[in-house]
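Novice: Sequence:
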Amino acid sequence: MLSWTTMISAYANAKLNAKALKYLILMLREGVVPNMFTYSSVLRACDGFLSLTQLHCSIIKAGLESDVFVRNTLFDIYSKLGELQNALGVVNEMVTGDLVVWNSIIGGFAQNSDGDEALNLYKRMKRASFPPDQSTLTSVMRACTGLALLELGRQAHVQVIKFDQDLILNNALLDMYCKCGNLKDANFVFTKMLEKDVISWSTMIAGLAQNGFSREALNLFQSMKDYGAKPYYITILGVLFACSHAGLVEDGWYYFQSMKKLFGINPGREHYGCIIDLLGRAAKLDQAIKLIHKMGFEPDAVKWRALLSACRVHRNVDLAIFAAKQILKLDPEDAGTYILLSNIYANSQRWYEVAEVRRTMKAKGVRKEPGCSWIEVNKKIHAFILGDNSHPQIDEINSHLNQLIHRLMGLGYVPDTNFVLQDLEGEQSEDSLRYHSEKLAIVFGMISMSRGKTIRIRKNIRICGDCHIFAKLLTKMEQRTIVIRDPIQYHHFQDGVCSCGDYW
Numbered sequence: 001m002l003s004w005t006t007m008i009s010a011y012a013n014a015k016l017n018a019k020a021l022k023y024l025i026l027m028l029r030e031g032v033v034p035n036m037f038t039y040s041s042v043l044r045a046c047d048g049f050l051s052l053t054q055l056h057c058s059i060i061k062a063g064l065e066s067d068v069f070v071r072n073t074l075f076d077i078y079s080k081l082g083e084l085q086n087a088l089g090v091v092n093e094m095v096t097g098d099l100v101v102w103n104s105i106i107g108g109f110a111q112n113s114d115g116d117e118a119l120n121l122y123k124r125m126k127r128a129s130f131p132p133d134q135s136t137l138t139s140v141m142r143a144c145t146g147l148a149l150l151e152l153g154r155q156a157h158v159q160v161i162k163f164d165q166d167l168i169l170n171n172a173l174l175d176m177y178c179k180c181g182n183l184k185d186a187n188f189v190f191t192k193m194l195e196k197d198v199i200s201w202s203t204m205i206a207g208l209a210q211n212g213f214s215r216e217a218l219n220l221f222q223s224m225k226d227y228g229a230k231p232y233y234i235t236i237l238g239v240l241f242a243c244s245h246a247g248l249v250e251d252g253w254y255y256f257q258s259m260k261k262l263f264g265i266n267p268g269r270e271h272y273g274c275i276i277d278l279l280g281r282a283a284k285l286d287q288a289i290k291l292i293h294k295m296g297f298e299p300d301a302v303k304w305r306a307l308l309s310a311c312r313v314h315r316n317v318d319l320a321i322f323a324a325k326q327i328l329k330l331d332p333e334d335a336g337t338y339i340l341l342s343n344i345y346a347n348s349q350r351w352y353e354v355a356e357v358r359r360t361m362k363a364k365g366v367r368k369e370p371g372c373s374w375i376e377v378n379k380k381i382h383a384f385i386l387g388d389n390s391h392p393q394i395d396e397i398n399s400h401l402n403q404l405i406h407r408l409m410g411l412g413y414v415p416d417t418n419f420v421l422q423d424l425e426g427e428q429s430e431d432s433l434r435y436h437s438e439k440l441a442i443v444f445g446m447i448s449m450s451r452g453k454t455i456r457i458r459k460n461i462r463i464c465g466d467c468h469i470f471a472k473l474l475t476k477m478e479q480r481t482i483v484i485r486d487p488i489q490y491h492h493f494q495d496g497v498c499s500c501g502d503y504w
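So in full-length UniProt numbering, spot 61 of the sequence shown is number 61, and the numbers just go up one at a time.
It is worth saying that the hints were derived from the structure and are not from the lab. Every residue gets a Cβ at the ideal spot worked out from N, C-alpha and C, and that includes glycine.
Computed spacing ranges between beta-carbons, pair by pair: (1) 254 - 407: 43 to 49 Å; (2) 254 - 447: 46 to 52 Å; (3) 394 - 228: 52 to 58 Å; (4) 260 - 131: 43 to 49 Å.
Using the sequences provided together with the hints, build the complete structure.
Specialist: This is the structure we're talking about:
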């Protein structure tokens, strides 16, 4: 048995997976019974879910499923294959565990965008009396970042203090604060860091840009160069994003054209996406389409979406139709493209084409993703969707919202019904506009949180223009601060002004 196990282990270590699995089959045919070391070795040779499940069954038949070495290896391979529920099943059956196992499973869920499960496991780990280390807390920060859970992130920050100058952990903490829209705490962490690497600088630059502080992002980029840190791919992406979302065409075009010469970085797909977005926002649609055709690779749907969005803003119907067709060739079920195209037709009063878009969507079974907004109050996440009355305080929220709108209309607010044109599911009315999910979340935050606390909201789709106006006016009337994070950027509303400068 020792000889068989040695050969299997050698093949597995050399990544000769097929031979390792073949030797296990030969071993079994010879009547030699594998032990825990054999299975621990051959599990590492699994590069597919089917072979892993077959081995798992064989391990159970051999009565070795409770062996700590076999279990740890099973868990590790399931995690690497992205089979996290199976990995979790292995953990749940463990009588004992160690910190390495806990860190692996928490990290696996956090990296695969399942922050809820990662945080649940973190709580279980603490209840099992395992103290978190740097690896644990880095994963917890990633989970909080994905869910935009600022309060939970702040609680984890207390644990981070014990590892005060751990660079990786500080970078994760910095990223969490930036992506939760808390630039004050992000800047505090960044300033306090004794050691900064290119990731630290790039995270802060991107954070400032995404939160609407483009000039500050470019100033920090200059500080980074003065500091002697060399920019990399992501750094320039943050710089171009800052230029795009502030209308800084000359700055953005300069950095894009000179990034290879100045920093040795070849423009990638994301850089082209940013500069196309920049040109489109600035109404330079001809330049944007020329750049798309001059790229050294085939444009993907992201590039065409950036152009389509610009066409909507600048009402270039012909180019919008062309861009939409390119997107739908690449992604035939992209509901957002149908909606934008319908909105462009509607703004041009081309009602036949609007109806045609809707017929196509119906025929293909394409449905608009409902707008959803999340807000964290007292360590609990509350979700709001237009038309969903399941929240226990929905009557109070609606009543308070109606009162606020009445007061705002007295100050000159007029609901902009142009934005209901994006609704293609029978919600074409000012009334539906009134109950958009972000408005419901804002009002719930107002009645649940003290005036001095910032209302922080996360959205799954881009904020509409009417809700943007509503939030601006509300912050001035009520002296509140509101931060809304949508898939594109962050909007900081305060005293009637948004950090995006109404340029989004």
